[in-house]
Each structure stands twice: as C-alpha cells, then as structure tokens.
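Q: Model the full assembly from the supplied sequences, consistent with the hints where possible.
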Amino acid sequence: MRTVLSQDPKSVTSSNTRSVSRPRVRPMLDEGVRDQLHRPFRDLRISVTDKCNFRCTYCMPREVFDAQYQFLKHSQLLSFEEITRVAKIALQLGVNKLRLTGGEPLLRRNIEELVAMLAALRKPDGNAPEIALTTNGTLLAAKAQALKDAGLNRVTVSLDALDSARFAHLSDSKVAVEQVLNGIDRAAAVGLQPVKVNMVVRKGLNDDQILPMVEHFRHGPHILRFIEYMDVGNSNGWNMQEVVTGKQIHDLIHACYPLEPLKAHYTGEVAGRYRFMDGAGEIGLITSVSQPFCGDCSRMRLSPEGKLFLCLFGSKGVDLRSVLRSDAADDEVAGFMAGTWRKRTDQYSELRSAGVAPESEKVEMSYIGG
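Residue numbers for the sequence shown follow our numbering, so the first one is 585 and each next one is one higher.
Rather than coming from a laboratory, the hints here were simulated on the basis of the structure. Some hints here could point you the wrong way.
In silico DSS-like links for lysine-lysine, alpha-carbon gap of 25 Å or less [stated by the list, open to error]:
id, residue 1, residue 2
1, Lys635, Lys657
2, Lys900, Lys635
3, Lys707, Lys681
4, Lys927, Lys787
5, Lys672, Lys900
6, Lys681, Lys635
7, Lys900, Lys927
8, Lys847, Lys635
9, Lys927, Lys681
10, Lys758, Lys780
11, Lys758, Lys787
12, Lys657, Lys927
13, Lys635, Lys758
14, Lys681, Lys780
15, Lys707, Lys927
16, Lys681, Lys847
17, Lys780, Lys847
18, Lys657, Lys707
19, Lys847, Lys672
Beta-carbon label-pair distances, calculated as ranges [to be verified]:
id, residue 1, residue 2, range
20, Gln676, Ala651, 21 to 31 Å
21, Asp756, Asp915, 45 to 55 Å
22, Arg693, Gly863, 36 to 46 Å
23, Glu665, Asn823, 36 to 46 Å
24, Ala941, Gln652, 41 to 51 Å
25, Val759, Thr929, 35 to 45 Å
26, Val774, Gly939, 25 to 35 Å
27, Ala839, Arg926, 21 to 31 Å
28, His753, His838, 26 to 36 Å
29, Thr929, Ala773, 40 to 50 Å
30, Met824, Arg926, 48 to 58 Å
31, Gln620, Val759, 36 to 46 Å
Remember, it's a predicted structure, so these values are computed and weren't measured experimentally. We treat Cβ as the ideally placed atom computed from N, Cα and C, and that holds for glycine.
A: Okay, structure coming up:
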C-alpha cells in the first residue's frame, strides 16, 4: 500500500526553500470526478506525438534517442477523431482545459485541424474549454496564424537560454535561438497570448541565463516561468546537485528586480506567481522538487497511442485505446475514464520530498508531455 502524506509538503522540504512560500490551495468539494485524495479532474494533457526535432539533455538525450530509436508509427497514434472523442467525454467529467503536447506537437501533420475539432466542443455549461499548446517554438512562426484561426487560445514555449551557443548546446540542434524568439513574437501578434515562456534551470549549465532571460522579457507581454530541473523519465541522468531551487531563483532575481507574490489564478495552478514591484510584468516559479504541489494536481495525461497516465512521474499507463476501438458507447468510455481517475493516489513529488518515493521506471517526458 502506498503511503499517503497528511502533512503539508512544505514541512518535508529543506529549510532553505521555505522563505518563498506558495500558499496551498486545497480544492473545495464540488461537482465532478474526484480521486482518492479528493482532487478533481480538471485538465487533460494530450500528447499527439513522441517525436521532437530537439535533443534536450533533460528530456531526449541524443545518446538514448539516436537514429536507431524506434518512435511510434503513425498507424499507432490515436486519430484526431479519437482524440476529440476523448476530449468531449473529459469535458463531461469536469475538465476545463485541454493542452496539446508532445514530443513537439507541431510536428504532427495538420495539427490545426485537431485544434479546430477541439475548439468546436462545449462543456456542460455551454462554454468552450480553454485550448493551449506547449511547443519548442521552432515551427511556431509559420503555424501561429493557422492555430489561432482554428481556435487555439494560447501557447507555452520552452526556451532554456538566450545565448546562441548555449541554446544550441542545450537543445542539441542547429536551430537558431532567434527562430524561437520570432515564433514567440508571432504567436503574440496573432493573439495567442499571453505567451508563457518556460525555462528549465540546471546548475552549471544555464543558471547564468536567468537574469538575461529576465532582462529580455521584462516590460513585455510574455510571462517568463522558471522550472526546477525534475527527475522525469529514466534517461536524463537527474542529479539533485543540478537543481536550482525556486527560492534561489527568486532571490537572484529579487536582488536585482524586487518581486512580490501574486495570488493564483485558479486552484491547481502549477506556477507560483510574482510581479515586479516596478510594474514591469510577472514571472512564475514551478517548484516540483523543492515545494511539491501534488495536493492540488488536477491533470490526467493521454499518450500518443491512447494510454492514460495519472502522474508526470508515472510508470505505467492505462490502456484507453482498446476501449475506444471496441464497441463501447460514450458512457462506457466515460465510466472507464472516471473509474481510472477515482483510483488515483499519485503524489510522487511529495513522496520524493519526504524521502519515501517508490523506486520504479518512469515514463519519458518526451512521450507523455510536460
């Protein structure tokens, strides 16, 4: 039987992380499907491909994902119609937000057609769900207008350095950083805003890029977010010594550009929010390692070939595709999804902080999305 933590995760983190507080927002009991820890199902993250044109070392290191690596065949992927059916049912179960991920989702051919299909869906209250997409930005400038026209609401772009040589090293690609920056600006120009820019920080590799990133994005419309380096998957050689904590990032920025905390937009928001006290915008801190937020997690992930994962650090998915491709009616698929969520006890990050995380193979982030 897995241990269920009853204490606030801040009480099991080291003392040097506590001064940057993230108020715990326990979800109130309301309508909808709830797991074993009373967490509602509110977000569905849909990975549309396991392929990517980057080989970032914390996600898809080239020594593992080389030319011989066997990615999923197109015939193995869920069709757009199957994805839309799952999303439609998820909305009936209480989901408010749909996010397309990968791999690199813009590598999925005609992705804007899927966006249009999802944008036509409605929640039980008659309102459309929020539809977002996470991308490395390389194809965003070319795709932004089509995505906006199809009904996409906003994008999140991964960007780990501004320095050209550092960016090329971290992404292990020949893509110029200017290509990603152009994609960010184009997305904002067509109305996919605010654009959120995510930087994974690793000590000794790109922590010297924190302030240049802040200085570049201050006074602009985009929201820069810093992510602690996480032990996702099995191939990135994660080491706690490479983690730069949210507190350390906060203190570095605060010393140059004073910050003050902001309230969360909604229950389960992953980033702690801070505004520049001079009015130059805001940043976010995602602290899965030093200050876990499992207690508010409302996300379920759908893999490219139709498995349901209940945690980013999960090891085994639940096969939904076989249910979809049987003669099951929508209410049967809904029952399967709801039953999967109701059994959920996952709280890996809190268990890791308490020193009791289970030792197991974890799904790769490039396959299930961030």
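Q: Against this structure, judge whether each hint is valid.
A: Against the structure, the hints come out as follows:
no. : hint                           : verdict
1   : Lys635 with Lys657             : 10 Å, holds
2   : Lys900 with Lys635             : 20 Å, holds
3   : Lys707 with Lys681             : 10 Å, holds
4   : Lys927 with Lys787             : 37 Å, violated
5   : Lys672 with Lys900             : 24 Å, holds
6   : Lys681 with Lys635             : 23 Å, holds
7   : Lys900 with Lys927             : 14 Å, holds
8   : Lys847 with Lys635             : 36 Å, violated
9   : Lys927 with Lys681             : 21 Å, holds
10  : Lys758 with Lys780             : 23 Å, holds
11  : Lys758 with Lys787             : 23 Å, holds
12  : Lys657 with Lys927             : 31 Å, violated
13  : Lys635 with Lys758             : 17 Å, holds
14  : Lys681 with Lys780             : 16 Å, holds
15  : Lys707 with Lys927             : 24 Å, holds
16  : Lys681 with Lys847             : 20 Å, holds
17  : Lys780 with Lys847             : 17 Å, holds
18  : Lys657 with Lys707             : 32 Å, violated
19  : Lys847 with Lys672             : 31 Å, violated
20  : Gln676 with Ala651: 21 to 31 Å : 43 Å, violated
21  : Asp756 with Asp915: 45 to 55 Å : 46 Å, holds
22  : Arg693 with Gly863: 36 to 46 Å : 43 Å, holds
23  : Glu665 with Asn823: 36 to 46 Å : 43 Å, holds
24  : Ala941 with Gln652: 41 to 51 Å : 32 Å, violated
25  : Val759 with Thr929: 35 to 45 Å : 40 Å, holds
26  : Val774 with Gly939: 25 to 35 Å : 47 Å, violated
27  : Ala839 with Arg926: 21 to 31 Å : 46 Å, violated
28  : His753 with His838: 26 to 36 Å : 28 Å, holds
29  : Thr929 with Ala773: 40 to 50 Å : 44 Å, holds
30  : Met824 with Arg926: 48 to 58 Å : 33 Å, violated
31  : Gln620 with Val759: 36 to 46 Å : 43 Å, holds
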